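Q: Listed here are the chains, written in short residue letters.
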Amino acid sequence: MVQKSHGADLSVRSVRKVYTGRGQAVEAIQDLSFDVNAGELVCVVGPSGAGKTTLLRILAGLLPATSGEVTLGGTVVKGPPPGMAVVLQEYGRSLFPWMTVEKNVELPLKEKGVAKAERKRLVQEALEAVSLADAGKSYPWQLSGGMQQRVAIARAVAYEPQVLLMDEPFAAVDAQTRLELEDLVRALWRRLGVTVIFVTHDIDEAVYLGERVFVLSNRPTILLEEVKIDLGAERDQIETRTHPAFGRLRNHVYELVQQAKKGLRSIEDARLTH
Amino acid sequence: MSAPSTPAPARVLAATGGGLWRIVLALLLPAVLVTVWWFASADSTDPQVPPLATVLDKFPTVWFAGDDLGSSLFVETVGQSVSRVLIGYAIAMVIGIVLGVLIGTFRPLRDFCEPVLEFFRAIPPPILTPILMLFMGIDHALKISLIVVGALWPILLNTIEGVRGIDPVLKDTARAYGLGPVRRLFSLTLPGASPQIYTGGRQALSIALIMMVIGEMFAAFDGIGSAIAQFQATFSTASMWSAVLILGCIGSVLALIFGAVERVGLTWYRGYLRSQRGGA
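So the sequence lines, in the order shown, correspond to chains A and B.
Position 239 (the first sequence) corresponds to 239 in our numbering; numbering is contiguous.
Position 224 (the second sequence) corresponds to 224 in our numbering; numbering is contiguous.
No lab work stands behind these hints, which were simulated from the structure alone.
Note that this is a predicted model, so its numbers are computed, not measured.
Glycine included, C-beta positions come from ideal geometry on N, C-alpha and C.
Check before you lean on any hint, since a few could be wrong.
[Unchecked claim] Derived pair list, reagent style DSSO-like, types lysine-lysine, alpha-carbon separation capped at 27 Å:
id: 1; chain 1: A; residue 1: Lys110; chain 2: B; residue 2: Lys171
id: 2; chain 1: A; residue 1: Lys120; chain 2: B; residue 2: Lys171
id: 3; chain 1: A; residue 1: Lys116; chain 2: B; residue 2: Lys171
id: 4; chain 1: B; residue 1: Lys171; chain 2: A; residue 2: Lys103
id: 5; chain 1: B; residue 1: Lys58; chain 2: A; residue 2: Lys78
id: 6; chain 1: A; residue 1: Lys112; chain 2: A; residue 2: Lys78
id: 7; chain 1: A; residue 1: Lys120; chain 2: A; residue 2: Lys103
id: 8; chain 1: A; residue 1: Lys112; chain 2: B; residue 2: Lys171
[What the hints assert, rightly or not] Quick list of simulated restraints, FRET-style, between CB atoms:
id: 9; chain 1: B; residue 1: Val98; chain 2: A; residue 2: Ser138; range: 26 to 36 Å
id: 10; chain 1: B; residue 1: Gly248; chain 2: A; residue 2: Gly21; range: 49 to 59 Å
id: 11; chain 1: A; residue 1: Val18; chain 2: B; residue 2: Val169; range: 22 to 32 Å
id: 12; chain 1: B; residue 1: Phe120; chain 2: A; residue 2: Arg191; range: 15 to 25 Å
id: 13; chain 1: B; residue 1: Arg270; chain 2: A; residue 2: Asp202; range: 28 to 38 Å
id: 14; chain 1: B; residue 1: Ala26; chain 2: A; residue 2: Lys103; range: 46 to 56 Å
id: 15; chain 1: B; residue 1: Pro181; chain 2: A; residue 2: Arg22; range: 30 to 40 Å
id: 16; chain 1: B; residue 1: Leu69; chain 2: A; residue 2: Ser138; range: 43 to 53 Å
id: 17; chain 1: B; residue 1: Trp21; chain 2: A; residue 2: Ala172; range: 36 to 46 Å
id: 18; chain 1: B; residue 1: Pro108; chain 2: A; residue 2: Arg265; range: 33 to 43 Å
id: 19; chain 1: A; residue 1: Arg22; chain 2: B; residue 2: Arg270; range: 37 to 47 Å
id: 20; chain 1: B; residue 1: Glu118; chain 2: A; residue 2: Thr20; range: 21 to 31 Å
id: 21; chain 1: B; residue 1: Ala31; chain 2: A; residue 2: Glu118; range: 55 to 65 Å
id: 22; chain 1: A; residue 1: Ser138; chain 2: B; residue 2: Asp111; range: 35 to 45 Å
Put together the whole structure using the sequences plus the hints.
A: Here it is as structure tokens:
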């Protein structure tokens, strides 16, 4: 079994991001503050162009915020923090095509200084966890899109992170694979106890996966609402999705995102039927 | 990874048959050219263009005279030339890749160097021969230096392009997992740029050969270039033609070796390209 690592809490304080290019400043994120508890799974949704990816890149330490700060486990994020793993949307471009699947999963472990025997064990277990135990010697480009994204997830899992950031990871895989991968993420999350931030544009996916769903506004982005998803720990693609509570939450988030698209900037101004 | 539905024996046959057919195709044109040369020159009385039969006839006496192979003109000449090419080429590779990685990685350095690089790229390397001779005389170092300054540019410029073209998503991934500079170099930068480095290396190899010959013609008493110049000066045209043949063979063998290394080194790249085209 992959060890249960302890998630870290993530705190975002008054983060603002202004892009300055060609003399024209564009405010992508106006002001975001929120907390994610250790071991929580939070989904982030919003209209397209809501700065979701910008936010995730700031959380990952890949992009500096213009002001405000992000802390992970009490430490201010200044660059990519140790104990953080990412899974990006472009699976075909985030795996090293010159390395086998095994080597891809192993690479971050080498940097972490994990001993060889231990690396081997972690790689094998992570590949088993995503049902790719036999694909270790293949190259990523020999696999289907869904399998490639599972490799990226295995790489993240083997790393034993405290926080796992996922940026629309299933946006480019087919619908059936997508449902399987959603259940895989839920299962791994419960097993590992890791903090997960899952960015998606798919409202159903967000409600199905998350313990809470953060709804963002249009840019310049603010947080419209933190929606608590009380669907219990056990989720099932058929049971959960047909449950009345799921429908209610889904419609609520859907209405919010629709109105956010039209420029809604405060939950007080929202006209909600659900 | 769907398995092809053709039965295995048929596949093997098709594969080997295809390989054989390709070898036949590859050898066909040289065979035709030699045949044409043979018959076209057979009755030649022009001393500048002796019959191919005469050229081949003289081959052993010119190149393999003497008792042991080791001290024959052939081994000495080819050995000198090939060692010069390989040493110069290796130095150009190292300098080109090191500088290329640095310039390709650091944006300000690139902006700083680019205009000068364009200038040097525009200068045909053979022009440098008399200039370098002024500074270096005609010793061994000159001939190596000529090869280096000729072969350097394609390697350098292609490496810069290769490093610059590495997918930003891969760079983000490497950063997110905190890869250190050394691991980044060997796991991301060099393999990521390797397709372009091979392209540059291939171009550089032919330039290295040209510069080797030019250097030897102008400033050497040994090596294949010098042999061609000397045979020409003494009107030994049949020997001169045989030296040209040897030179062509050296080039072909080096290109074959390069191709074999490239095939192994870029196995992943060909598979990757195929999968991209397949629309996976």
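Q: Kindly indicate which numbered hints from before are broken by the structure, ordering the numbers from low to high.
A: 5, 12 and 14
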